[in-house]
Every structure is written in structure tokens, then in C-alpha cells.
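J.: Can you make the complete structure from the sequences, with help from the hints?
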Amino acid sequence: MASVAEELRANPPAKLAIEHVSKWFESGVVKTHALDDVSLSVAEGEFVCLVGPSGCGKSTLLNMIAGLELPDSGSVLAEGQRVTEPGRDRMMMFQESALFPWLTVLGNVLFGLRLKPGLRERERQEVAMYYIGLVGLGRFAHSNIHELSGGMRQRVALARSLAPNPRVLLMDEPFAALDAMTREQLYGDLQEIWAARRKTIVFVTHNVREAASLGDRVVLFSANPGRILREFAVDLPRPRDINSPEVAVHAMQVTAALKGRGPA
Amino acid sequence: MRRVLTALLFFTLLVVAWHLAARSGRWSAVLVPPPADIVAYLWGAISDGTLVGALVVTVKRLLLGYLCGVAAGVPLGLLTARFEWVHDTVGTMGLGLQALPSVCWVPLSLIWFGQNEGAMLFVVVMGTVWSVALATDGGVRNVPPIYARAARTMGSRGLHTWMRVILPAALPFVVSGIKQGWAFAWRSLMAAEIYVTILTGFGLGQLLNYGRDLNAMDQVIGVMLVIVVIGLVTDKVLFSPWERFLHRRWGLAKV
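Protein chains in written order, with the working numbering: chain A, 2 to 265; chain B, 130 to 384.
A portion of the hints provided could be inaccurate.
[Stated by the list, open to error] If you only want the chain A side, here are some residues facing chain B, beta carbon under 8 Å, derived:
1. A67
2. M93
3. E97
4. W103
5. P240
6. R241
7. N244
It is worth saying that the hints were derived from the structure and are not from the lab. A virtual CB, placed ideally from N, CA and C, is assigned to each residue, including glycine.
T.: Okay, structure coming up:
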């Protein structure tokens with residue numbers, strides 16, 4: 002099984018560079034300045050959280066890193082290469098799970114793997130089962146999506162985005178729709194997986210506490226136009242508990258900075 | 130089991146009531162034949178082969194036309210959903226033609242093709258294709274855009290996205306569309322067969338109409354029963370497996 006092992010070991014985390022990116026959206030006569038001259042760099046293996054009020058362009062920026070949208074000016078570089086379209090090295094996990102209801106859990110995780118060349122079908126199955134096990138759903142590999150709870154669905158979505166072994170994981174408010182208990186479990190799991198699988202993670206959220214407990218760095222955005230307001234380094238030991246006082250202190254600093262700019 | 134018994138009891142009572150009504154002497158036996166006469170007719174028609182022959186002719190026409198209609202309708206619906214200009218042209222035409230009861234194709238079809246299989250095929254295809262195309266188009270437009278975005282990030286492009294993401298995502302709509310297409314095809318074929326004698330084959334509709342000509346109500350009602358049974362069997366054989374699959378995978382209520 003050398004090649005499965007190789008497949009799992011391959012792809013070290015990548016670094017990202019966002020350089021003077023601007024983006025406008027037009028709907029009818031209204032023209033929104035979603036992002037205004039935003040520059041940000043993300044180191045290899047770093048966990049960066051983007052927070053800010055709705056409409057600050059944080060999701061737009063994430064979509065640009067994914068290659069789903071292109072900047073109107075400026076550029077997005079992944080490992081020095083300009084991003085012009087989606088690529089397997091940058092996988093996205095969405096707000097709603099966006100899982101395919103016509104496929105089983107295994108089928109969903111295999112979807113991206115089947116598009117990845119260089120693997121035999123049996124190896125793909127093995128890799129898929131590894132990630133389904135990693136998110137703790139080994140017993141549910143053949144379940145249908147509608148049979149799973151919201152938390153389990155997001156675990157499947159996580160396994161699906163991890164399976165092609167991307168170097169960058171982009172997460173767009175992935176836990177926003179979950180209950181608090183499930184969410185806290187997933188914080189723990191995500192930190193473990195991040196440490197074990199060595200990914201660069203960009204995580205978008207509007208939950209300041211979530212950002213402070215997960216990120217090495219919290220990037221605060223302001224809206225209209227979308228700009229980076231401030232950055233906060235969070236150098237607390239891991240794994241972190243979202244309920245710990247240290248995390249709360251960091252979160253309060255971010256909230257204070259957010260409030261300093263008027264109501265969100 | 131209880132539900133089966135209830136249904137069985139209902140139908141038994143229905144037949145008994147019918148029998149008593151026919152025997153009451155209020156109506157002529159020519160107009161209201163007792164159930165036994167109908168059974169006798171069906172038995173005779175099966176024994177001498179007329180019923181089976183007509184059944185084969187009709188089902189052949191129906192399946193051929195229907196499969197052609199679905200085979201054309203699904204790609205057509207995908208095209209109208211994919212290209213705005215196809216939607217504005219062919220899609221608009223389809224919307225108009227779908228509003229036309231498919232029986233209305235019969236006169237035109239007979240003049241164009243003559244009293245033969247070609248005419249029947251045309252009527253059935255016209256009855257099927259537009260409703261299937263419109264349902265497919267609607268289904269594709271209802272697919273959440275996030276599916277295609279997720280697929281793109283995983284490396285899916287173009288035709289792969291259409292075949293592996295958009296089409297399966299639209300499947301519940303497509304299935305209800307092809308089911309509706311079936312209903313239209315079946316009705317238009319029966320109308321066509323009753324409306325005119327087709328020289329190349331003697332179908333169920335003609336058998337029904339001959340029953341009228343012969344004043345044989347046992348034949349009329351007997352053939353009607355056969356037509357009902359075909360409808361039910363088709364639903365079970367052709368559509369139930371799809372609906373069960375959708376129900377199991379999507380967790381949807383039956384379409």
C-alpha cells in the first residue's frame with residue numbers, strides 16, 4: 002500500500018499572498034465596493050481566521066482564494082502562482098454542507114478523489130475510508146446524507162474537502178448552522194486534524210470567539226468598503242478550549258476593535 | 130395487511146353492487162352487463178388472441194414513442210437550461226406546444242403520415258417530449274448553485290459537471306416530468322386509436338371503439354379495465370423503482 006501512504010503524505014501546506022485586491026459588485030443601479038485594496042499573506046501551515054460584519058467581503062475574499070471568483074484588480078497568489086480557477090490544492094468547505102444528496106457518504110468523499118488522476122479505484126476507496134474514519138464516521142460510510150445530523154453532515158463535508166489532500170483548506174462559516182455542543186466538538190476535531198494533516202487554513206466566521214479559539218491569527222474586516230481593519234496574533238497553546246478565559250480575553254480585544262468602528 | 134383487506138373488501142362490495150344492479154332489471158343488460166359477462170368477454174378475447182394482439186400493438190407504440198420522447202426531451206431540457214438563446218426560442222415553442230392537448234396532433238399527424246405507425250409514433254412523441262423537456266429545464270434551474278460550485282472546487286468541469294452533478298441534482302424533477310410525459314403519451318395514443326382506424330395494427334383503442342360499433346358493452350368495459358390495469362402496472366414497474374430510489378437517497382416524500 003505504498004502509494005496510498007504516499008498519497009496521504011504528499012502535498013505540504015502552501016502559502017498564500019493576496020496583493021492589493023479590489024472587488025465591486027453591481028446589482029441594478031447599486032454598486033457595492035466589496036473589497037478595497039486588501040493585502041494579506043498567509044504562511045505555510047498557518048490557521049488564519051477572517052472576521053467582520055456581514056458585507057465586509059470576507060467570503061468574497063475566500064471565494065477568490067478558491068478561484069471561484071476573480072478580483073477586479075490586484076492578484077491572489079497560491080505558492081507564487083496566480084489563482085485563475087479552482088484547483089485541487091485549495092479545497093473549499095461551504096456554509097451549508099453542499100453535500101450531494103444523490104450520493105452516499107462514501108460517494109461524496111470519493112467525488113473529488115475520482116477527479117484526481119494517478120490513483121486506482123481501490124486506492125481511492127481506501128483513501129476515502131481513511132478520511133471518513135478521521136472525522137469519526139467510519140460506521141456511516143454507506144449512509145445517505147438525509148439520514149445524518151447537521152454536525153455529521155459537516156464532518157462529511159470536512160472529509161470530502163480533505164480527501165484530495167489539498168494544501169490549503171478554505172472554510173466559509175462551516176459551523177454556523179450547528180448547535181453549540183456539536184460546534185465545540187468540531188472545534189476540537191478540526192484543531193486535531195489541522196495538526197495531524199498539516200494544512201494552511203483560512204477560516205471565515207462572524208463569531209469572534211470562534212476565530213480567537215481557532216486561529217493563529219485573527220484578521221478583522223470592516224464593511225463598506227471591505228477593508229482589513231486590524232490583525233491580532235493569538236499565541237495560545239493548543240488545543241484550545243473556546244470557553245477558556247484566555248480565549249475570551251483575545252476575543253474581547255477583537256470585539257472592542259470592531260465596536261470602535263460603530264455598530265456592526 | 131389490514132389495508133390490503135380493506136381494499137379487497139371495497140372492491141368485492143363494488144362488484145357485488147354492480148352485479149345486483151345489473152340483475153335488478155332496471156337497465157337493459159345491453160347497457161349494464163353483469164360482471165360475469167365482462168369476465169366472459171375478457172376470457173374469450175384472451176383465448177382467441179384478439180386482446181393480447183391489441184395489447185402488444187398498443188404497448189409497442191406507446192413504449193417506442195415514449196422512449197423517443199424521453200430520449201429527446203431530457204437533452205432538450207438540458208439545452209434550454211444551459212443556453213439562454215435555446216430557452217428563448219425552442220423553450221418558448223415547447224411551452225406553447227405543451228399547452229396544446231396532444232390529441233390535437235392527431236388530425237395533422239394522420240394527414241402527414243397516413244393511417245399508419247408513423248402517425249401514432251408522432252402523436253406519442255409530441256405528447257411526451259415537451260412536458261419532459263420543460264420538467265428537465267425547471268429541474269436544472271432549481272439545482273442549488275452551491276452544488277456546481279462545490280464540484281468545481283473538486284476539479285469538475287463542463288460535461289462532467291452536467292452529467293455527474295446537475296443532472297442527478299435535477300433528478301426528482303426529471304422523474305416527475307417523465308411521469309407526466311407518460312400520462313400525456315398514454316392519453317394521446319388512446320385518443321388517436323379511438324379516433325381513427327390505423328391500418329398497420331389493431332390496438333386497444335380500436336378494440337374499445339369496435340365494442341361501441343357492435344353495441345357490446347361487455348367488450349367496452351372489459352377493454353377499459355385492461356387500459357386501467359396497464360396504467361397501474363406501468364406506474365409500478367416503470368416509476369415506482371425510481372421513486373423508491375429518490376425516497377431512499379433524498380429522503381423525499383414520494384414525487
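J.: Does each hint hold? Answer for all of them.
T.: To see whether the hints hold, each was checked on the structure:
| no. | hint | result |
| --- | --- | --- |
| 1 | A67 | holds, 6 Å |
| 2 | M93 | holds, 4 Å |
| 3 | E97 | holds, 6 Å |
| 4 | W103 | holds, 4 Å |
| 5 | P240 | violated, 28 Å |
| 6 | R241 | violated, 28 Å |
| 7 | N244 | violated, 32 Å |
The structure fails hints 5, 6, 7 (numbered hints given earlier, in ascending order).
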